[in-house]
Amino acid sequence: MLAKIENGGEETAREYAENLDKWTGDIIVTSEEIAAAGERLSQRAQDDIHFAYDRVKKFAEAQLASMQEFETELSPGLIAGQKLIPVHTAGCYVPGGRYAHIASAIMSVTTAKVAGVKNVVACSPTRGSEGVHPSILYAAGLAGADTILALGGVQGIAAMAFGLFSGHPADVLVGPGNR
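Note that the sequence shown covers residues 1 to 179 in my numbering.
What the hints contain is simulated information worked out from the structure, not anything from laboratory work. Just so we're clear, the structure is a prediction, and the values are computed from it rather than from any experiment. Careful: at least some of the hints might be erroneous.
[Said to hold, decoys possible] Taking CB as the label site, the calculated pair distances span:
1) Asn7 - Lys58: 42 to 50 Å
2) Pro76 - Phe51: 35 to 43 Å
3) Glu61 - Glu6: 41 to 49 Å
4) Ala45 - Glu71: 26 to 34 Å
5) Glu73 - Tyr99: 26 to 34 Å
6) Gly97 - Glu71: 42 to 50 Å
7) Gly8 - Leu64: 34 to 42 Å
8) Gly97 - Ala62: 31 to 39 Å
9) Glu39 - Thr72: 36 to 44 Å
10) Ala35 - Ser75: 17 to 25 Å
11) Gly8 - His50: 50 to 58 Å
12) Leu78 - Ser31: 46 to 54 Å
13) Lys22 - Pro86: 16 to 24 Å
14) Asp171 - Gly8: 16 to 24 Å
[What the hints assert, rightly or not] Once the Cα atoms are required to be at most 20 Å apart in a straight line, the calculated EDC-like pairs of lysine to aspartate or glutamate come out as:
15) Lys22 - Glu130
16) Lys113 - Glu73
17) Lys118 - Glu71
18) Lys22 - Glu39
19) Lys4 - Glu15
Where is the CB? At the ideal position from N, CA and C, for every residue including glycine.
Work out the full structure: start from the sequences and follow the hints.
Below you can see the structure in the form of structure tokens.
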């Protein structure tokens with residue numbers, strides 16, 4: 001699948017979305033759709049997402065502050081060190097099949113933004129014709145995702161890896177582990 005998507009590009013990714021997820025809508029989620037997703041959530045759900053986001057952001061900021069650049073001369077003229085340089089683009093996979101993995105959106109997108117990643121692309125599977133779960137859209141939007149793709153599975157990962165729909169190939173792909 002990866003090779004087919006790499007060779008066929010966006011059109012092939014769309015075909016997989018239609019065949020596997022029954023999704024024929026737009027792949028790039030608009031800011032209007034993200035705002036509408038928030039309106040579909042209860043105030044309690046919005047508050048809970050904000051609570052989690054605030055905690056993750058605070059931790060990520062503390063973690064970043066604890067890291068420092070340094071140089072040391074190992075021998076005359078031989079200098080080694082550490083520089084903190086954020087990657088240009090991070091791809092964040094957010095599962096959304098049976099359950100909306102809100103925490104995955106918050107933890108991956110927020111951490112990347114705090115680290116200074118310029119382009120953060122998130123993707124999550126659609127739920128048939130309903131699109132991406134509204135709580136995932138709300139959380140990823142709040143956390144600062146620059147682009148959200150309505151794609152799941154291999155086609156979503158491939159789209160981020162190859163820079164489809166966003167124009168920014170991911171330097172790193174992140175997501176939850178389950179094994």
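Results for each hint:
Judged by the Cβ atoms, the range 42 to 50 Å given for Asn7 and Lys58 holds: they are separated by roughly 44 Å. Checking the proposed 35 to 43 Å range against Pro76 and Phe51 shows it is violated: the Cβ atoms sit about 54 Å from each other. In this structure the hint that Glu61 and Glu6 lie 41 to 49 Å apart at CB is violated, the actual value being about 36 Å. Between Ala45 and Glu71 the Cβ separation comes to about 47 Å, which falls outside the hinted range of 26 to 34 Å.
Between Glu73 and Tyr99 the beta carbons are some 52 Å apart, a value that contradicts the proposed interval 26 to 34 Å. Range check, Gly97 to Glu71: Cβ separation about 47 Å, and the 42 to 50 Å hint holds. Under the hint 34 to 42 Å, the C-beta atoms of Gly8 and Leu64, about 39 Å apart, fit the expected range. Our hint of 31 to 39 Å for Gly97 and Ala62 holds, since their Cβ atoms are close to 33 Å apart.
For Glu39 and Thr72, the hinted distance range of 36 to 44 Å is not satisfied, since their beta carbons lie about 54 Å from each other. Remark: the range hint 17 to 25 Å for Ala35 to Ser75 is contradicted by a beta-carbon distance near 58 Å. Distance hint check for Gly8 and His50: the Cβ-Cβ separation is about 40 Å, which falls outside the suggested range of 50 to 58 Å. As the Cβ distance of Leu78 to Ser31 is approximately 51 Å, the hint placing it in 46 to 54 Å holds.
Distance hint check: the CB atoms of Lys22 and Pro86 are about 37 Å apart, inconsistent with the given range 16 to 24 Å. Judged by the Cβ atoms, the range 16 to 24 Å given for Asp171 and Gly8 holds: they are separated by roughly 23 Å. Proposed proximity of Lys22 and Glu130 is supported: the alpha carbons are some 10 Å apart, at most 20 Å. Restraint check: the Cα-Cα separation between Lys113 and Glu73 comes to about 33 Å, which exceeds 20 Å; the hinted pair is violated.
At most 20 Å may separate the alpha-carbon atoms for a hinted pair to count; Lys118 and Glu71 exceed this at roughly 26 Å. Proximity of Lys22 to Glu39 is assessed by CA-CA distance (about 25 Å); at most 20 Å being required, the pair is judged violated. Taking the CA atoms of Lys4 and Glu15, the gap is about 11 Å. The hint holds against a cut of 20 Å.
Going through the hint list in order, the structure does not satisfy hints 2, 3, 4, 5, 9, 10, 11, 13, 16, 17, 18.
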